[in-house]
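S.K.: Sequence:
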Amino acid sequence: MKKFFAIAAAALAISVSASAQFGVIGGITMSSAEASRENFNAENVNLYHVGITYNVDLGMLSLQPSLLYQMKGASLSQNVAGGVELASFDTKTGYVEVPVAIKAGLDLGLLKPYAFVEPFVGFAINTEEDSELLDTADLKGTVTKWEETAKNRLEYGFGVGAGIELLGHLQVSAQYFMNLGGLYNSDGKVDTAAVADAVQAAYGDKSNYKGFKVSVAFLF
Numbered sequence: 001m002k003k004f005f006a007i008a009a010a011a012l013a014i015s016v017s018a019s020a021q022f023g024v025i026g027g028i029t030m031s032s033a034e035a036s037r038e039n040f041n042a043e044n045v046n047l048y049h050v051g052i053t054y055n056v057d058l059g060m061l062s063l064q065p066s067l068l069y070q071m072k073g074a075s076l077s078q079n080v081a082g083g084v085e086l087a088s089f090d091t092k093t094g095y096v097e098v099p100v101a102i103k104a105g106l107d108l109g110l111l112k113p114y115a116f117v118e119p120f121v122g123f124a125i126n127t128e129e130d131s132e133l134l135d136t137a138d139l140k141g142t143v144t145k146w147e148e149t150a151k152n153r154l155e156y157g158f159g160v161g162a163g164i165e166l167l168g169h170l171q172v173s174a175q176y177f178m179n180l181g182g183l184y185n186s187d188g189k190v191d192t193a194a195v196a197d198a199v200q201a202a203y204g205d206k207s208n209y210k211g212f213k214v215s216v217a218f219l220f
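Numbering (our numbering), first residue to last: 1 to 220.
Hints are not guaranteed to be accurate.
Distance condition first, Cα-Cα at most 27 angstroms in a straight line; then the derived DSSO-like pairs of lysine-lysine [stated by the list, open to error]:
1) Lys-92 - Lys-151
2) Lys-210 - Lys-151
3) Lys-210 - Lys-92
Label-pair distances were calculated between CB atoms; the ranges are [to be verified]:
4) Phe-218 - Asn-46: 36 to 46 angstroms
5) Gly-26 - Gly-168: 12 to 22 angstroms
6) Glu-34 - Val-117: 19 to 29 angstroms
7) Asp-130 - Ala-104: 36 to 46 angstroms
8) Glu-34 - Leu-106: 14 to 24 angstroms
9) Ile-164 - Asn-41: 33 to 43 angstroms
10) Ser-77 - Thr-127: 18 to 28 angstroms
11) Asp-130 - Val-172: 18 to 28 angstroms
12) Asp-107 - Asn-41: 26 to 36 angstroms
13) Val-216 - Ala-42: 24 to 34 angstroms
14) Phe-123 - Asn-46: 32 to 42 angstroms
Please keep in mind that the hints were generated in silico from the structure rather than gathered at the bench.
All C-beta atoms, glycine included, are put in the ideal place defined by N, C-alpha and C.
Using the sequences plus the hints, can you model the full thing?
M.R.: Quick look at the structure:
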């Protein structure tokens with residue numbers, strides 16, 4: 001019973017001392033995914049994220065979960081030709097994503113600089129691929145079938161970053177993020193082995209999105 005009252009008292013103290021704010025958040029997502037072979041050049045794709053956020057200020061520490069529509073993408077181009085292979089392979093994925101930022105900051109009055117770690121999970125609700133084969137255009141439909149069945153819908157990963165909060169209402173932050181697991185999986189391969197191998201050569205079953213995010217949030 002004493003333990004119960006101690007926990008209840010601690011929870012009450014936290015709720016009283018905490019300051020919570022809803023807000024809106026959005027920004028730029030710059031992402032890429034490494035190729036599984038050396039004959040592909042990887043390039044960043046600049047997309048976006050937008051959503052709502054909820055900041056719970058506990059003093060030097062704060063928690064900030066968000067609900068985002070997060071667009072991530074990657075672009076590869078082949079620098080060595082030959083065989084039944086891809087000239088280029090681009091992918092974009094739109095996730096419903098839930099990141100939870102764990103922040104540590106120093107309140108300086110009008111501004112509050114902070115650093116944070118941000119684990120996240122998400123689920124893909126739309127996906128887009130654009131592939132160009134070198135010499136087998138008639139097989140492009142098979143490649144599209146492979147892409148649609150092979151992409152993993154569930155995503156998870158983490159981010160680390162820093163930001164600054166101004167006047168208790170405006171936040172500007174930047175972070176590096178990394179998706180864990182594979183963007184594609186081997187279960188999605190189709191019978192046309194040459195085409196499946198060509199796509200698998202582009203991203204493999206271990207490569208995934210990584211990159212940088214710049215966000216602006218306004219808290220009410």
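S.K.: Each of the hints needs a verdict: does it hold here or not?
M.R.: Status of each hint after checking the structure:
Straight-line distance between C-alpha atoms of Lys-92 and Lys-151 comes to about 11 angstroms, which keeps the hinted pair within the 27 angstroms bound. Between Lys-210 and Lys-151 the CA atoms are separated by roughly 16 angstroms; this keeps the pair inside 27 angstroms, and the hint holds. The straight-line distance between the Cα atoms of Lys-210 and Lys-92 is roughly 13 angstroms, inside the 27 angstroms bound, and the hint therefore holds. In this structure the hint that Phe-218 and Asn-46 lie 36 to 46 angstroms apart at CB is violated, the actual value being about 22 angstroms.
Here the CB-CB span from Gly-26 to Gly-168 is close to 19 angstroms, well matched to the stated 12 to 22 angstroms. Here the CB-CB span from Glu-34 to Val-117 is close to 23 angstroms, well matched to the stated 19 to 29 angstroms. In this structure the supplied range 36 to 46 angstroms holds for Asp-130 paired with Ala-104, their Cβ-Cβ distance being about 41 angstroms. For the hinted restraint 14 to 24 angstroms between Glu-34 and Leu-106, the CB-CB distance of approximately 36 angstroms leaves it violated.
Under the hint 33 to 43 angstroms, the C-beta atoms of Ile-164 and Asn-41, about 35 angstroms apart, fit the expected range. A hinted range of 18 to 28 angstroms for the beta carbons of Ser-77 and Thr-127 is consistent with their spacing of about 20 angstroms. Between Asp-130 and Val-172 the C-beta distance comes to about 33 angstroms, which lies outside the given range of 18 to 28 angstroms. For Asp-107 and Asn-41, the Cβ-Cβ distance of about 45 angstroms falls outside the hinted range of 26 to 36 angstroms, so the restraint is violated.
As the Cβ distance of Val-216 to Ala-42 is approximately 27 angstroms, the hint placing it in 24 to 34 angstroms holds. A hinted range of 32 to 42 angstroms for the beta carbons of Phe-123 and Asn-46 is inconsistent with their spacing of about 23 angstroms.
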